[in-house]
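Undergrad: Sequence:
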Amino acid sequence: MVSALAKNYSRRKISFKKGKGSFLYANNGKKYLDFVQGIAVNSLGHSNPNLIKAVSQQSKKLWHISNAFIIPEGERLAKRLTKKTFADYVIFQNSGTEATEVAIKVARRYFYSIGQPKKNRVLCIKNSFHGRTLAAIFASGSKKMIEGFGPKVQGFDHFEFGNIKSLKKSITKKTAAIMVETVMGEGGIKVISKKFLKEIEKICKKKKILLIFDEIQCGIGRSGKFFAYEYSNVKPDIVPIAKGIGGGFPIGAVLMNKKVASGMIPGSHGSTFGGNPLAMSVGNAVLDQIFKRGFLKNVQKISKYFHSELKKIWKDYPNIIKEVRGLGLLIGLQLHQDQSRFIKKLMENNLLTIKAGENVVRILPPLTVKKKEVDLAIKIIKKVCKIYKV
Numbered sequence: 062m063v064s065a066l067a068k069n070y071s072r073r074k075i076s077f078k079k080g081k082g083s084f085l086y087a088n089n090g091k092k093y094l095d096f097v098q099g100i101a102v103n104s105l106g107h108s109n110p111n112l113i114k115a116v117s118q119q120s121k122k123l124w125h126i127s128n129a130f131i132i133p134e135g136e137r138l139a140k141r142l143t144k145k146t147f148a149d150y151v152i153f154q155n156s157g158t159e160a161t162e163v164a165i166k167v168a169r170r171y172f173y174s175i176g177q178p179k180k181n182r183v184l185c186i187k188n189s190f191h192g193r194t195l196a197a198i199f200a201s202g203s204k205k206m207i208e209g210f211g212p213k214v215q216g217f218d219h220f221e222f223g224n225i226k227s228l229k230k231s232i233t234k235k236t237a238a239i240m241v242e243t244v245m246g247e248g249g250i251k252v253i254s255k256k257f258l259k260e261i262e263k264i265c266k267k268k269k270i271l272l273i274f275d276e277i278q279c280g281i282g283r284s285g286k287f288f289a290y291e292y293s294n295v296k297p298d299i300v301p302i303a304k305g306i307g308g309g310f311p312i313g314a315v316l317m318n319k320k321v322a323s324g325m326i327p328g329s330h331g332s333t334f335g336g337n338p339l340a341m342s343v344g345n346a347v348l349d350q351i352f353k354r355g356f357l358k359n360v361q362k363i364s365k366y367f368h369s370e371l372k373k374i375w376k377d378y379p380n381i382i383k384e385v386r387g388l389g390l391l392i393g394l395q396l397h398q399d400q401s402r403f404i405k406k407l408m409e410n411n412l413l414t415i416k417a418g419e420n421v422v423r424i425l426p427p428l429t430v431k432k433k434e435v436d437l438a439i440k441i442i443k444k445v446c447k448i449y450k451v
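Taking this note's numbering, the leading residue of the sequence shown gets 62, the next gets one more, and so forth.
There may be inaccurate statements among the hints.
[Claimed, not checked] Dumping the calculated DSS-like pairs for lysine-lysine here, alpha-carbon to alpha-carbon at most 30 Å: (1) 145 to 319; (2) 204 to 140; (3) 229 to 256; (4) 373 to 92; (5) 431 to 286; (6) 319 to 74; (7) 140 to 296; (8) 406 to 68; (9) 372 to 406; (10) 256 to 268; (11) 234 to 266.
[What the hints assert, rightly or not] Label pairs and their in silico Cβ distance ranges: (12) 111 to 63: 38 to 48 Å; (13) 114 to 211: 43 to 53 Å; (14) 235 to 149: 24 to 34 Å; (15) 380 to 329: 29 to 39 Å; (16) 130 to 352: 20 to 30 Å; (17) 362 to 296: 23 to 33 Å; (18) 74 to 352: 33 to 43 Å.
No wet-lab data here; the hints were simulated from the structure.
Only a predicted model underlies this, so the values are computations on that prediction, with no experimental measurement involved.
Positions of the beta carbon are idealized from the N, C-alpha and C atoms, including for glycine.
All chains should be modelled from the sequences, with the hints used to inform the complete structure.
TA: Right, dumping it as structure tokens:
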């Protein structure tokens, strides 16, 4: 059958009929350990009974109304997010890239509202990833992502990862915000050090620049804390989120403090579907699980074990694995060579993983992953390393 879908994805020749927890069941009859989970989206695994219940109950009441009216489910979700974090206000969206767009708009709008409209540029890490809209791809500073999508969207500058001199040199009087992924996902599971994050915060305070942490992939418990930036005790002004907050249902949001939120007056931004009752009910159900006593401690415990076992494999196969990267259950195996064949071999042995930059195999189990499932993944990775020909 010839597909009517456009060719903007290079899809693997496999499809699935159902999923349960950490596993996917393919139409070819095979059972796969799914450590992609929709690219860090299915935070509570496949077919989570609590999420099914939330969708079922809400779907019988209201799916969508409009942000022209009060939506109690959204009010509750926003209140829970602000109570847990630095934020005072939330704007709901439908995806990560929309959340990035709003984060940029909020930063620019704030300076406009205080009479500094020329302070409107956003400084990002070169070859980062903030989504696929026109603004987001130019924010990335990646030649590959922007190819064919000119003219250039203005307003973005870039500095080299981990290079404080490059960061300082790139700041101008027009710099409104510094926006970084606390842990770079697509860019190769690169963790920004606590020291560097503190230095960014210090610079932002000194120069009156807003601090944006993109926690779309590393947030909502994936790091072992609700937000990855919490490990460094820094305080951002704006945080876009998505992926894990919906557990598989499309939800995006921007969290912001009172100061920057002051610029977002009625009519300054909108979203037809953002914050709809069905999405908000699912988001609340996700938080019910993640906020349970001991949940994040367990993520920290299981991830510590997973990292430890992966480092043993690295030690045994240093000619294949260059580095074990990541934080919590956002894990990367950097290989010496292109990772495509390695990922294919893992899949042939019923373990699903996905690419990231710098020859990294990205490993993203659900936050509910069990130790025996981690052990199975370790067994498969060892097997592939053993038979792998460099």
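Undergrad: Which of the listed hints are not met by the structure?
TA: Numbers 2, 6, 15 - these are the hints that the structure violates, sorted from lowest upward.
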